[in-house]
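Quick note, the sequences are listed as chains S and C, same order. For the first sequence, the residue numbers in our numbering are 1 to 167. For the second sequence, the residue numbers in our numbering are 1001 to 1167.
Since the hints were derived computationally from the structure, they do not count as laboratory data. All C-beta atoms, glycine included, are put in the ideal place defined by N, C-alpha and C.
Stretch-level coverage of chain S by chain C, calculated; a stretch enters the list once three of its residues show a Cβ under 8 Å from a Cβ in chain C:
{"no.": "1", "segment": "17-31"}
{"no.": "2", "segment": "58-67"}
{"no.": "3", "segment": "102-114"}
{"no.": "4", "segment": "132-144"}
{"no.": "5", "segment": "147-153"}
{"no.": "6", "segment": "156-166"}
Cβ pair distances, simulated, as ranges:
{"no.": "7", "chain 1": "S", "residue 1": "Gly84", "chain 2": "C", "residue 2": "Ser1166", "range": "44 to 52 Å"}
{"no.": "8", "chain 1": "C", "residue 1": "Gly1078", "chain 2": "S", "residue 2": "Glu26", "range": "26 to 34 Å"}
{"no.": "9", "chain 1": "C", "residue 1": "Glu1165", "chain 2": "S", "residue 2": "Gly117", "range": "38 to 46 Å"}
{"no.": "10", "chain 1": "C", "residue 1": "His1081", "chain 2": "S", "residue 2": "Pro44", "range": "17 to 25 Å"}
{"no.": "11", "chain 1": "C", "residue 1": "Val1149", "chain 2": "S", "residue 2": "Ser164", "range": "14 to 22 Å"}
{"no.": "12", "chain 1": "C", "residue 1": "Arg1100", "chain 2": "S", "residue 2": "Ala160", "range": "34 to 42 Å"}
{"no.": "13", "chain 1": "C", "residue 1": "Val1149", "chain 2": "S", "residue 2": "Pro69", "range": "29 to 37 Å"}
{"no.": "14", "chain 1": "S", "residue 1": "Gly117", "chain 2": "C", "residue 2": "Gly1147", "range": "21 to 29 Å"}
{"no.": "15", "chain 1": "C", "residue 1": "Arg1083", "chain 2": "S", "residue 2": "Arg85", "range": "43 to 51 Å"}
{"no.": "16", "chain 1": "S", "residue 1": "Gly84", "chain 2": "C", "residue 2": "Gln1045", "range": "24 to 32 Å"}
2 protein chains.
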Amino acid sequence: MSEVNDKAWRDPVDLTPIGVVRGGRETSDDDYWGGFESRIELDPQRFTDDALAALDTFSHVLIVYHFHPLNPASEESGGRHPRGRDDWPLVGIFAQRAKRRPNRIGVTICRVLSVDGPVLSVEGLDAMEGTPVLDLKPHMREFEPRGEVFQPQWSHEVMANYYSESP
Amino acid sequence: MSEVNDKAWRDPVDLTPIGVVRGGRETSDDDYWGGFESRIELDPQRFTDDALAALDTFSHVLIVYHFHPLNPASEESGGRHPRGRDDWPLVGIFAQRAKRRPNRIGVTICRVLSVDGPVLSVEGLDAMEGTPVLDLKPHMREFEPRGEVFQPQWSHEVMANYYSESP
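Please work from the sequences and hints to get the whole structure.
This is the structure we're talking about:
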């Protein structure tokens, strides 16, 4: 089996967006996503309205998306200073949430505002207008971190205004 | 801008795995992932050891992966009963975590056990041996759900043994 796996795991993974972000920002911003409302519209060519059925019986949804093409395309393959700030430590690309990352995937847990047929309205989605969406999953307490949670101080500083309301 | 977006958002998204799950299970199981330990090995052709630097200063990591090819390939585009159980309600594919989902993406938050060069050891990764990994992100408190969290009763029942220790 490992021989099969060794051959297979590097194969390209070809995905098709399930929908698109509407009402998103027109620019890429690092901060002030607090209270921001937008919508995800499913591709009507692929899904029935049933695809979102009962999602509004959950308070939150996990959204997997692909960064908007207007975001920087270069990829980091080692370490960097978060947001280019030398006073924060040099950390690996997989130890930060920077956009210049391999595969350009974003994952955000948002509050569900409403479901209306093929349209999901959410609060707190940090994605630009026209962003392709790859998956939606209901948030369940059972998938939250198990055991003690900790993180370094610089990461709190990076996030200080991320979910603040716009000033 | 919306004209550009309308053209672009349905474009295929072509990804390249960043690494692979080793020490994973050889079969796909619905339950008993509690305490299960496995590793993610980064692709040494693409990344320096710096790519994981400082990830072990976080307690948890969010892992984005693509379901193993041995998992069922058929896709649900509407609703279904979770795990085929008629006593649970019919809910949309995006209101459940079923494997038969578009794009076959898994997202799991795991405890970081250690980082050793290009190898990340974790606890609680519900992925099979040889699963392609698409991204790793440090877990930050600031990305946890904001506001009241709730979910329907059936979802607690589905998850009852998911993170139990093996019986």
